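> Reconstruct the complex from the two isolated chains, following the hints.
Each chain, letter by letter, is given below.
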Amino acid sequence: MHGFSETGRSFETGRAKVAPGTPPIVYLKGIAKYFPGVIANQDVDIEVMPGEIHALLGENGAGKSTLMNILTGIYQPDAGEIIIDGYAKIFASPVDAIAAGIGMVHQHFKLVKAFSVAENIHLGWAETPKRISAQALEARTAELAAALNLAVRPEARVGDLSTGEQQRVEILRVLARNARVLILDEPTAVLTPAEARELFRALREFVSRGNAVIFISHKLDEVLEISDRITVLRGGRRVTTEATADCNQAMLANLMVGHEIVLSDLRARKAEAAPISAEPVLSLREVTVRDDFGNVALNKVSLDIHAGEILGIAGVAGNGQKELSEVLTGMKKPLSGKILVDGRDFSAAGGAEIARSGIGHIPEDRLKSGLAPALSITDNTVIREYKKPPVSIGSWFRPGAATALAQSIAAAAAVTVPDFSMPVRNLSGGNQQRLVARREMRIATKVLIAAYPSRGLDVGAINTMMRYFVELRDQGVGVILISEELEELLNLSDRIAVMFHGEIMGVLDTAESAIEDIGLMMGGRPAGALAQTSREITS
Amino acid sequence: MSGRIQRLPSAHPTVALLARAAAILLALLTAGVILAANGADPLKLVAQVVKSTFGSRFGLEDVGLLVTPLILTGLSVAVGLRIGAWNIGAEGQFYAGAFAATGVALFVPAPDFVLLPLAFVAGGLGGMAWILVPTLARAYADVSELITTLLLNFVAVLLVYYVSTGPWLDPDGHALATTARLPCELPEFWGAVHWGFPLAVLLTVLVAAGLSFTRWGYEVRVSGSNPQAARYAGMPFRRHLILVMLLSGAIAGIAGMFEVVGTVHRLQGGISNNFGYLGIMVAVLARGSALGVLAGAALMGIILNSGIILQTQGLNVSTVLAITGLILFFTAIGDELSHYRFVRNETASV
Numbered sequence: 001m002h003g004f005s006e007t008g009r010s011f012e013t014g015r016a017k018v019a020p021g022t023p024p025i026v027y028l029k030g031i032a033k034y035f036p037g038v039i040a041n042q043d044v045d046i047e048v049m050p051g052e053i054h055a056l057l058g059e060n061g062a063g064k065s066t067l068m069n070i071l072t073g074i075y076q077p078d079a080g081e082i083i084i085d086g087y088a089k090i091f092a093s094p095v096d097a098i099a100a101g102i103g104m105v106h107q108h109f110k111l112v113k114a115f116s117v118a119e120n121i122h123l124g125w126a127e128t129p130k131r132i133s134a135q136a137l138e139a140r141t142a143e144l145a146a147a148l149n150l151a152v153r154p155e156a157r158v159g160d161l162s163t164g165e166q167q168r169v170e171i172l173r174v175l176a177r178n179a180r181v182l183i184l185d186e187p188t189a190v191l192t193p194a195e196a197r198e199l200f201r202a203l204r205e206f207v208s209r210g211n212a213v214i215f216i217s218h219k220l221d222e223v224l225e226i227s228d229r230i231t232v233l234r235g236g237r238r239v240t241t242e243a244t245a246d247c248n249q250a251m252l253a254n255l256m257v258g259h260e261i262v263l264s265d266l267r268a269r270k271a272e273a274a275p276i277s278a279e280p281v282l283s284l285r286e287v288t289v290r291d292d293f294g295n296v297a298l299n300k301v302s303l304d305i306h307a308g309e310i311l312g313i314a315g316v317a318g319n320g321q322k323e324l325s326e327v328l329t330g331m332k333k334p335l336s337g338k339i340l341v342d343g344r345d346f347s348a349a350g351g352a353e354i355a356r357s358g359i360g361h362i363p364e365d366r367l368k369s370g371l372a373p374a375l376s377i378t379d380n381t382v383i384r385e386y387k388k389p390p391v392s393i394g395s396w397f398r399p400g401a402a403t404a405l406a407q408s409i410a411a412a413a414a415v416t417v418p419d420f421s422m423p424v425r426n427l428s429g430g431n432q433q434r435l436v437a438r439r440e441m442r443i444a445t446k447v448l449i450a451a452y453p454s455r456g457l458d459v460g461a462i463n464t465m466m467r468y469f470v471e472l473r474d475q476g477v478g479v480i481l482i483s484e485e486l487e488e489l490l491n492l493s494d495r496i497a498v499m500f501h502g503e504i505m506g507v508l509d510t511a512e513s514a515i516e517d518i519g520l521m522m523g524g525r526p527a528g529a530l531a532q533t534s535r536e537i538t539s
Numbered sequence: 001m002s003g004r005i006q007r008l009p010s011a012h013p014t015v016a017l018l019a020r021a022a023a024i025l026l027a028l029l030t031a032g033v034i035l036a037a038n039g040a041d042p043l044k045l046v047a048q049v050v051k052s053t054f055g056s057r058f059g060l061e062d063v064g065l066l067v068t069p070l071i072l073t074g075l076s077v078a079v080g081l082r083i084g085a086w087n088i089g090a091e092g093q094f095y096a097g098a099f100a101a102t103g104v105a106l107f108v109p110a111p112d113f114v115l116l117p118l119a120f121v122a123g124g125l126g127g128m129a130w131i132l133v134p135t136l137a138r139a140y141a142d143v144s145e146l147i148t149t150l151l152l153n154f155v156a157v158l159l160v161y162y163v164s165t166g167p168w169l170d171p172d173g174h175a176l177a178t179t180a181r182l183p184c185e186l187p188e189f190w191g192a193v194h195w196g197f198p199l200a201v202l203l204t205v206l207v208a209a210g211l212s213f214t215r216w217g218y219e220v221r222v223s224g225s226n227p228q229a230a231r232y233a234g235m236p237f238r239r240h241l242i243l244v245m246l247l248s249g250a251i252a253g254i255a256g257m258f259e260v261v262g263t264v265h266r267l268q269g270g271i272s273n274n275f276g277y278l279g280i281m282v283a284v285l286a287r288g289s290a291l292g293v294l295a296g297a298a299l300m301g302i303i304l305n306s307g308i309i310l311q312t313q314g315l316n317v318s319t320v321l322a323i324t325g326l327i328l329f330f331t332a333i334g335d336e337l338s339h340y341r342f343v344r345n346e347t348a349s350v
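Chains as they are written, first to last, in UniProt numbering: chain A, 1 to 539; chain B, 1 to 350.
With the rest of the complex left out, here is chain B (with noise of 0.2 Å):
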């Protein structure tokens, strides 16, 4: 039997979704193999993961709690891929989002009702403030916002070191580098998960109705894929690649503010977890669309929260990033190989 392999212009989206859920497959079978060559017996890993995530309650607090900021942080990646720009930063506007949220929180004298909003906005305004300069420098001077954005994320780790170690340090000194516990906080929606997360589900959902269903969101469509193309309809392609980068910012902004404000209750170094990274890694995965994002984030919440039980084992922590990475890989090589089909060739040619 002979035949050829031929590459298809766009992958079927049938074919794409087995070939990924072929990779993370794969990807949990390789780690497995080789947690299994180091000794460890992974069925009775995986037993327990299933047992501590899914068998109570606390279990899926937990991965709630691991979900909503990865949702927030993923969505700003995605956003920002829709009109093209590769927004690596999500990690340092998640800093500066719950570096700004805390200020308010710190600062300023109100009623929780008043606070929280304020806290929000805030954050939000961080968020955006971090992305500002790479958003200007990618608009006017086609300086790449990877770049800049990636390099700003270590300004904004070093700037929370600082100010939680530093100036804000807590007065009472019950903890030795963060900040004093913040006056306000957002309330219980479920157990330990607070209001964030069906805040965060809610922002995802309106932003991809509006990239759908508004003009805005086509126009910002059309100049994401084909910047000549949106020259040519004559829309504001610069208005748009300005106004979502920022948009991008908030949204990271806004995850790192329900992060100290709704989780760790103190700006802390170290704060992100490495959310605003693995934001990149929900949005790669959720393959630029919006709503997509809230399953990857699911996925990727539960990876953590298996990496969590798995330390309680006694495996190392870079054994998770090690399964984050091999979903992430087999995740590429199965886009790529779902382009592919087998054409038999009907009559051998001897």
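Isolated chain A (complex conformation) (with noise of 0.2 Å):
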């Protein structure tokens, strides 16, 4: 079920009404940008009219950044024009774009964690007054959040504050320096869904006044609900700009990667794929592990994954999913429990150990842990298997021989690398996933555990992903898939157990599931108390 499109009119209301006639707030005209041996962008026009919510959309490379560092300032048009309310504008710099009235709030939040929320607002801010206290500060800040209808607290430390916050400092940030145009970069991507909606009113709120957004994501069910307009562009060039009114979910995907994909069902199963198994071959026993603070981040957690299922774990990112993979994986030892591997003990056991005996693991941030950036392509590609030949014989390191598996498992990640031992951190984090997942993909002969895999990824990459993981399901792994994104759950998992506060709340058979008792659920009410259905919870 993808029926988002639907909600998607019922906005329409809350749209200003323009003026024939009424020029573009934004009107990018035959831009182009080239890079050494890449265009970047080519022949984009688009036109962004006030009171307008509009959608960009696009894989990965597709253009979306450069065109947005063109809009902002932060690089310059090797062809074509911006035109600002009918007047052609030169950005030199950033500078320019923000008295032009162009703001943007980036994925990853510039906002400096020891300071104020009120510092941060008035930090690198000509009005900002030379001399004034910190009382003052916060004051200006209360009376700007309420001018622009959005609650901060002026004087809590940024560092304190959940990303939701933290995002609607970066926007009050923005506003304040009277943009009428806010692009946001992946929003809410850090939110969860109440705050996700918490922030679509307030940009529904923002262009009401004639004010236009540029919103740009990989998440269709959520461009359809909230934009009004939506421009995808591919290899660089504008594919089409349509009414969101006309657009649903298939077409989108299609248009952003030039080809059919198939974005649901992958819950069904071949006829020849291997079928689920009576005894679980990984399982927590009433596990609790302390974070890296000492709070409990899991709490007497016992969970069950059998061969051949896709276990999915549902919940709000920071509910304990971190602690869980580390925990399976070797990297945290419990503080009590037990981890029984195929009904062996496993709970002393290190990184090495599980790794070995056929537990892989694709990580939460691959960058900080699954791969040593600096080092080569080919060094980082091996790091399951050096110590086997034919990488390794006895204690010799054979770095041919290294090669050669690196060359193999790029294949297998249909990843085209030119040189292998140029820095892993040089390839795109789309390539650097794939390049991680089939490295573990290769040593999970019992299960594999994928944190949040699809993050930062494009639709095309995500679609790979899950095919992978359905590979393994149908030979007869067991796949456990963290994720924030409850439809790629639905779509993929046979049973979902739902995290919060270190504890499973429950596990539902997906196919007897709703998204909204997952919702609920995610919010910390336990699956018993879920009145409207009672549903049986298989644990």
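Don't read these hints as lab results, they were simulated from the structure.
Warning: the hint list may mix true and false statements.
Partial pick of chain A residues on the chain B-facing surface, computed with a CB cut under 8 Å [said to hold, decoys possible]:
1. F346
2. S347
3. G351
4. A372
5. I383
6. K388
7. P389
8. W396
Subject to a maximum C-alpha distance of 25 Å in a straight line, what follows is the list of computed DMTMM-like cross-link-like pairs (lysine to aspartate or glutamate) [what the hints assert, rightly or not]:
9. K446/A x D342/A
10. K368/A x E336/B
11. K368/A x D142/B
12. K333/A x E364/A
13. K130/A x D96/A
14. K130/A x E119/A
15. K270/A x E119/A
16. K333/A x D142/B
17. K113/A x D160/A
Computed from a prediction, not measured in an experiment: that's the story for all the values here.
Here a beta-carbon is modelled for each residue, glycine too, at the ideal position from N, C-alpha and C.
What follows is the structure in structure tokens.
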């Protein structure tokens, strides 16, 4: 079910009326931008009208970021014009773009964590008085927040705020500088569903005053929900601009990748696929884990994963998912409780031993723990198999054999690598993730643990990841899929366990569960308390 | 013509090498200009330096004697960097190694063929002992080795001053502030250059091979580059850290042993000649590569030898230190600049 396009229309009423003949607030005309050997943008024409939320869709590398960097004055176009309110402008630097009323909220916030909200709002702003007391600064911030209808706590330290609150500070920071065009890059990636709804309300309110929003996202459902018009970019060019009411998910996905992709129905098995095993292959028994700060991060968690099934782990990030994946892969030792692999106790085993027992791990943050960014692609791809022939013979490491293995993994991952001695950080995020996934799949003979595998990837790469998991499942491997994308979980998993505050609120059969129930459990309601449907809980 | 500057995530090796060469040339040019401003004739000085260094066998032998300890202290620092540790204490470990080797040579009655290997082992163990506390503090309490290794240098310097002017002072009184001449010495390899030189080169090649062609070397590379990834792959990060830091200390200690048994023949204060600190520079010039240490040490050795020649021409010792400082400074700038490239805009946007 992907019926979100229906809801898109109901927002139409919130749109500001535009008088006929009003020029677009932003008109990008024939924009082109070239990098050595790469066409980043070519012949891009986009009109953004006052009162409009304009979504920008495209895969990684489709040219969205370059285009927005041009509009915000970070890059200068090699051809084409930027026309604001009917007047051609040249943005030599971001300062010019801000002066013209164009502001951007980046995916990774650019806030000073140690500063208060008020200090962050006023940082690097010409209108900030030279000498001012902290109280006066906070009062100014409160005024701004009230005027722009964004609730923030001026005195709070940014580091203490939730991501949703930090995002509000970022938006306030941009709007305070009189932005009339707000560019948001993947704004909901870090938000809970409730926070996202709040953001959408604020955006609607903002455009109803004759302003405009450019909304960059990979998530088709929310683009359909929030935007008025959608522009799809592919290979640096504009494919089309459509009224959202005329779009649906399948059509947009096809436009983005340029070929048909299957978004759902991944739960269906082929006849020859391995069946789900009767006995669990990996189990947690009352496992308690502390996080790095000594707080209880997992509280007596029990969980079974069977061979040949995909178990989804739903929950808002930060509710123990990281620790769950770490304890399952031997990176963290449980404080109490047991970890069983095929019934054998592995509670005291380290990462290498767990990996050897046939458990692969796609970690949450590939650059932080799954890869050594400064080392070569070869060194990074053989990290799971360097102890075995052919890469090692006895205690000898064979660089030639390592590169050969890296080449075959890269080929399986469909990643073209010009030079395997190049640092792995030079690859794009999607290609890094493909390599990590293929590397882990090779050793995952029993279980693969994938933590947020689609984070930061485009539709095409996500689709590849999902295909990989289905492939493993059909081979009789158990897959634990930790994700914040409910739709992804519903499409793929046989069962879904919902985490909240380090506990499993319940394990649901995907076939019988509704997205609303999972949402409620993510908010802390145990499965048993879901009154409207008395459902069997498989645990 | 318009364009802009773009930063690359990693520099192209050729560009990096060219930037290095340009940096060294610029540093020498700057030094030349300053010398000229002070009334010296830089061209004449350069000619003198080249003639005295490469024009005679004595010059080359002098360079060889200087390069030997530099290879080892440079290797010591470079090895530490492989596991992500900054060993600023090669100086102290050098003294500790020289001290231990001297102790063995002076007080163990044995023939040379027993004494020399024994002094070699003692030198290595001395260096290792000197880095032991910083190593354990880093491995178990996450205390920055930068500070601890640096501070222990001063302890080692004072220890060697104390024994060479106190308990181990030459009883025959030939010299005022050194121990007696050691009963054993490293045999000569080429003129005044002792066997420490080929051994230092061999050690460097062995370490480089060990890091590139063993499983251990691979694990050290990954652990040093990203400890989180090592934990993820189940590599024993702490064990590698301890082992590599001890190895780093041992190599610096061996440098001290070679210096006292091969070149100076007596333990005395100031014996290290700043070789430990210059090793940091050699490692930086080598960009952390074990084999690059050989090139870095050769360059440093030539610069040090030039300094000695310049002193005979009436220039101050500090001039040489200033030149080495300039080279490091320009190299750092060059390394950073080699990450950038200029991109011209095909059609100017008007």
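> Which of the numbered hints are not met once you compare them with the structure shown?
Failing hints, ascending: 1, 2, 6, 7 and 15.
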